[in-house]
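Q: As given, the protein sequences belong to chains P and E, one line each in that order. Mapped onto this note's numbering, the consecutive letters of the first sequence carry residue numbers 2 to 283. Mapped onto this note's numbering, the consecutive letters of the second sequence carry residue numbers 2 to 283.
No lab work stands behind these hints, which were simulated from the structure alone. As the structure is a computational prediction, the values presented were derived from the model and not from experiment. Be aware that one or more of the hints could be misleading.
Where chains are identical, the list cannot tell them apart; a pair therefore holds if satisfied intra-copy or between any two copies.
Computed list of lysine-lysine pairs in DSSO-like fashion (alpha-carbon distance at most 30 Å, straight line) [as the list claims (entries may be wrong)]:
{"hint": "1", "residue 1": "LYS125", "residue 2": "LYS199"}
{"hint": "2", "residue 1": "LYS199", "residue 2": "LYS91"}
{"hint": "3", "residue 1": "LYS157", "residue 2": "LYS237"}
{"hint": "4", "residue 1": "LYS237", "residue 2": "LYS199"}
{"hint": "5", "residue 1": "LYS74", "residue 2": "LYS230"}
Listed here are the chains, written in short residue letters.
Protein chains: 2
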Amino acid sequence: MKIAYLGPEATFTHVAVQSVFTSDEHIAYSSIPVCMDSVAEGEVDLAVVPIENSVEGSVTTTIDYLVHEQPLKMVGEIIIPIRQHLLMSKGQVHRSKDIEVIYSHSHALAQCHTFLHNQYKYTKLEPVSSTSAAAKLVSEQPQECIAAIANEFAAKKYGLEIVASDIHSNSYNHTRFIVLQKEGSSVETNYFQKNHTKATFVIMMPENRAGALHQVLSAFAWRQIDLSKIESRPMKTGLGNYFFIIDVVMGYDDVLLPGVKQELESLGFSVEIVGSYSTIQL
Amino acid sequence: MKIAYLGPEATFTHVAVQSVFTSDEHIAYSSIPVCMDSVAEGEVDLAVVPIENSVEGSVTTTIDYLVHEQPLKMVGEIIIPIRQHLLMSKGQVHRSKDIEVIYSHSHALAQCHTFLHNQYKYTKLEPVSSTSAAAKLVSEQPQECIAAIANEFAAKKYGLEIVASDIHSNSYNHTRFIVLQKEGSSVETNYFQKNHTKATFVIMMPENRAGALHQVLSAFAWRQIDLSKIESRPMKTGLGNYFFIIDVVMGYDDVLLPGVKQELESLGFSVEIVGSYSTIQL
């Protein structure tokens, strides 16, 4: 099977893919939309992209592209712990007090805010497209006193030294990745259990109706269906117009979830169940 | 009065500040947290920072820093239309078909996705810290065939030419800015009407209780209080733990909003009303 992931190599998404899809071909794509396009166009069988971090919140590109641009089916969820380290070229390690620029993904810089504020208050922080790209950039300029924030895998891949480890602020720092498949695809994903434990709804409000969200939640609440997440995202039609993405703690069934969908649709909501799946927590 | 804003000069925040606080001193700060610290520490009287864009959604740094790090009072809201243009140095305009790198803030690059995909599919896109920083960077390298996406004010300030105007994808593209003041500060902000039309709540769930959000919304719904926004953000204590930021379409009163707060607190929620204010829409 071919698996697209948000590259370059040695990103956290790559770590998630390598841990689960041990015997498949992994192909790096340069952005989340391109990953998702590749599975929609049949270049690959599955795509793995980040959807939420426990500190930074949702990866809005993933949610927005899925809802507005490229409908795909969620067939699995992978959760991995995120550990960030400060990396330098071997020859520069003795100058770690005098780092001129620290490169990383903006989320990683934010996750390490406290460490950076305490140790590198006056050092320039430069956001780049991924933690892995930051490590690559540092490895390509061994004569410069610069550093990257990235994972251990990136340190190994680019031959960098870990100058400070586990520099992220929250000890509970995890990222959720979703596994996406083309609607109607018959590829079997045996990696995930058949007993689905979660389902994801995308719900659009009929108009800017007062109490509409309350109505939506009532449909879940009286059935005692637990929500593990609710997130509003802009409809892109104006401030104040949102759609909601809701994760429920049960898989698709024949009665309850179809009941929610039918009722809300009758009330004028647009309701899509974008996936029913199980979770692999590493 | 001294007003802190998210700089550098010529950002959209600067445009918002200049439009409203016409006769005050405006001081640029390099990041949203630093803006907010400056008002908390009394260096300035007010701070203006972005909180939401109609296309990209919330500015999570603002919400998270306000809730987790630096409590301040919201005393006003400014809404401005966002118009993005492609800018080049005058001497490079004839080479606009061969641009090598386009710099901008990551949100602006996302807002112009369709234009970029159609016209500059193979051009390298490079996120930098602000649209204004992108314009400055391009102006400093007039010999390079590079471009920035930024506003008209930045084009004027850095002497760049507009090569393509209004390249943002959604014609309805607005950003909301909030005006923040230190709790207990006596500075009068005469710029905003006394008739408050909005209030903002921050609500934390007592535990991961099923139906808790439904309960919160019920407290607003039966009083027929309209919500203009609800957003979940991570508590940073683990995937699945959120707080909610809720905007209601009424100002603080003596009965209804205190009633919501008291009831929810009795039920074990933590409830903070972080502001009651009016809006200036430009």
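Q: Hint by hint, say whether it matches the structure.
A: We went through each hint and held it up to the structure:
In this homomeric assembly, LYS125 and LYS199 never come within 30 Å of each other (Cα to Cα): the closest approach is 42 Å inside a single copy and 38 Å across copies. With identical chains, the CA atoms of LYS199 and LYS91 are never at most 30 Å apart, being 45 Å at best within one copy and 55 Å at best between copies. For a Cα distance limit of 30 Å, the shortest separation of LYS157 from LYS237 across copies, 29 Å, qualifies, whereas the shortest one inside one copy, 42 Å, does not. In this assembly of identical chains, LYS237 and LYS199 lie within 30 Å of each other by CA distance both inside one copy and across copies; the values are 27 Å within and 22 Å between.
Taking the shortest alpha-carbon separations for LYS74 and LYS230, both the intra-copy value of 18 Å and the inter-copy value of 28 Å come in at or below 30 Å.
In this structure, the earlier hints numbered 1 and 2 are contradicted, and the remaining ones agree with it.
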